[in-house]
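Given the coordinates of chain A, assemble chain B onto it according to the supplied hints.
2 protein chains.
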Amino acid sequence: MATDPVFEGAKVSARRRGRPVKSAALADDTRATIVTSAAAEFSRDGYDATSMRGIARAAGVDPALVRHYFSDKADLFAEAIAAPMRPDRMVKKALAGPREQIGVNLVRYMVETLDRPVASERVIRMLHTALGQEFAAKMLRQFIIREVLKRIAKELGEEDSELRASFAATQIVGMVVARYGIKIEPLASASPDEVVNRIGPVVQWHLMGNPLP
Amino acid sequence: MATDPVFEGAKVSARRRGRPVKSAALADDTRATIVTSAAAEFSRDGYDATSMRGIARAAGVDPALVRHYFSDKADLFAEAIAAPMRPDRMVKKALAGPREQIGVNLVRYMVETLDRPVASERVIRMLHTALGQEFAAKMLRQFIIREVLKRIAKELGEEDSELRASFAATQIVGMVVARYGIKIEPLASASPDEVVNRIGPVVQWHLMGNPLP
Numbered sequence: 283m284a285t286d287p288v289f290e291g292a293k294v295s296a297r298r299r300g301r302p303v304k305s306a307a308l309a310d311d312t313r314a315t316i317v318t319s320a321a322a323e324f325s326r327d328g329y330d331a332t333s334m335r336g337i338a339r340a341a342g343v344d345p346a347l348v349r350h351y352f353s354d355k356a357d358l359f360a361e362a363i364a365a366p367m368r369p370d371r372m373v374k375k376a377l378a379g380p381r382e383q384i385g386v387n388l389v390r391y392m393v394e395t396l397d398r399p400v401a402s403e404r405v406i407r408m409l410h411t412a413l414g415q416e417f418a419a420k421m422l423r424q425f426i427i428r429e430v431l432k433r434i435a436k437e438l439g440e441e442d443s444e445l446r447a448s449f450a451a452t453q454i455v456g457m458v459v460a461r462y463g464i465k466i467e468p469l470a471s472a473s474p475d476e477v478v479n480r481i482g483p484v485v486q487w488h489l490m491g492n493p494l495p
Numbered sequence: 283m284a285t286d287p288v289f290e291g292a293k294v295s296a297r298r299r300g301r302p303v304k305s306a307a308l309a310d311d312t313r314a315t316i317v318t319s320a321a322a323e324f325s326r327d328g329y330d331a332t333s334m335r336g337i338a339r340a341a342g343v344d345p346a347l348v349r350h351y352f353s354d355k356a357d358l359f360a361e362a363i364a365a366p367m368r369p370d371r372m373v374k375k376a377l378a379g380p381r382e383q384i385g386v387n388l389v390r391y392m393v394e395t396l397d398r399p400v401a402s403e404r405v406i407r408m409l410h411t412a413l414g415q416e417f418a419a420k421m422l423r424q425f426i427i428r429e430v431l432k433r434i435a436k437e438l439g440e441e442d443s444e445l446r447a448s449f450a451a452t453q454i455v456g457m458v459v460a461r462y463g464i465k466i467e468p469l470a471s472a473s474p475d476e477v478v479n480r481i482g483p484v485v486q487w488h489l490m491g492n493p494l495p
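Chains as they are written, first to last, in my numbering: chain A, 283 to 495; chain B, 283 to 495.
Because the hints were derived from the structure by calculation, they are not lab data.
Incorrect hints may appear among the rest.
The list makes no distinction among identical chains, and a pair is therefore deemed to hold if it is satisfied within one copy or across any two copies.
[To be verified] Straight-line Cα separation of at most 25 Å, SDA-like style, residue types lysine to any residue; simulated pairs:
id : residue 1 : residue 2
1  : K375      : A309
2  : K465      : A331
3  : K436      : R326
4  : K420      : A307
5  : K432      : A346
6  : K436      : S471
7  : K436      : R313
Isolated chain A, as found in the complex (with noise of 0.2 Å):
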């Protein structure tokens, strides 16, 4: 786990690691700011309209200093909101396996990464926020339509992937929820294998159509 760039947490520590401590602590600083300015940006314009150079600008930096420590705007996002995960690289890395494993892969993923209580809490705080601020959940709902649907509907190339995608998000977030959220039982004690083997193959029917079990 530490070295899978899907943990914020592990990405950080990595890039720490024999940094002399001087350096490392101004760097540190103009990091901080930059999440900071990212955060505030964020927040006012909504995911999709604000841009890396205009969190900079903000940050009162150089554009190339806030693409030297974010690879990209899902990057910067995730970090500002301290997300304890990033659905879009889950993504990727499911998309990367074999098409009929799509759905079993990101499940396995998710349920992997949210058994630990501090990433699942974390999550559960932002989902929390969303449905209570409009600001939130239009920043979320952006996100996960642009780094997330968008990128499986391109993949899969049918005309409905970007629907079947969004549906397939249905399953994967009250699957978080009903889990990790509200805790209903049976579900909430049930072994990581029993969750991947019920919620997968529906993620899987759900962006293209393979039959389940």
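Then chain B, alone, in the frame of chain A:
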């Protein structure tokens, strides 16, 4: 819809029709006292540990009076949390139809109810509260398990029916959160039929393993 007891609002206004003004006001006071006491008892003790008798005691009224206004604990709970729909009644209705139609019937009821913004806003507010406060999550969890999942499981009568019902709940909860809360597109703008056709069969598969179209 106006005569459908699934909707609290409809039931209340039907009860009020034709009642003399003065006694109606008195009755409304008593009823409101009972609801307020119920909300306090449910919040303190959770759904399972709260009884109609305990609520009567807290409200300072005879238990028979509580039963005069509310048919059962689920009825009083729905009123106490201002629920815009009654999942337990939906389940009863869905179970009354053909077995292989339970999923589609349940989802159709949900979508027809929640496509009215006044209803969906209340349900989303309820989920928002449950994701932010453990006692609210516990109440909702106990209510869903006792009044919804256990009823379905009993009707299906298989060994793993409770597990199946809790997985069916993930698909329904996710549809609600993604369509009415985060409003993920194109799902949020999809027609009711589209939603019923893509979510209903999944709920049915979770419950009974019926093959998907």
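We went through each hint and held it up to the structure:
1. K375 - A309: neither (30 Å within a copy, 62 Å between copies)
2. K465 - A331: between (35 Å within a copy, 18 Å between copies)
3. K436 - R326: neither (29 Å within a copy, 50 Å between copies)
4. K420 - A307: neither (34 Å within a copy, 43 Å between copies)
5. K432 - A346: Result: close neither inside a copy nor across copies, 27 Å intra and 58 Å inter.
6. K436 - S471: Between. Shortest inter-copy distance 20 Å satisfies the 25 Å Cα cut-off; intra-copy 35 Å does not.
7. K436 - R313: neither (33 Å within a copy, 56 Å between copies)
The structure is inconsistent with the numbered hints 1, 3, 4, 5, 7, although it conforms to all the rest.
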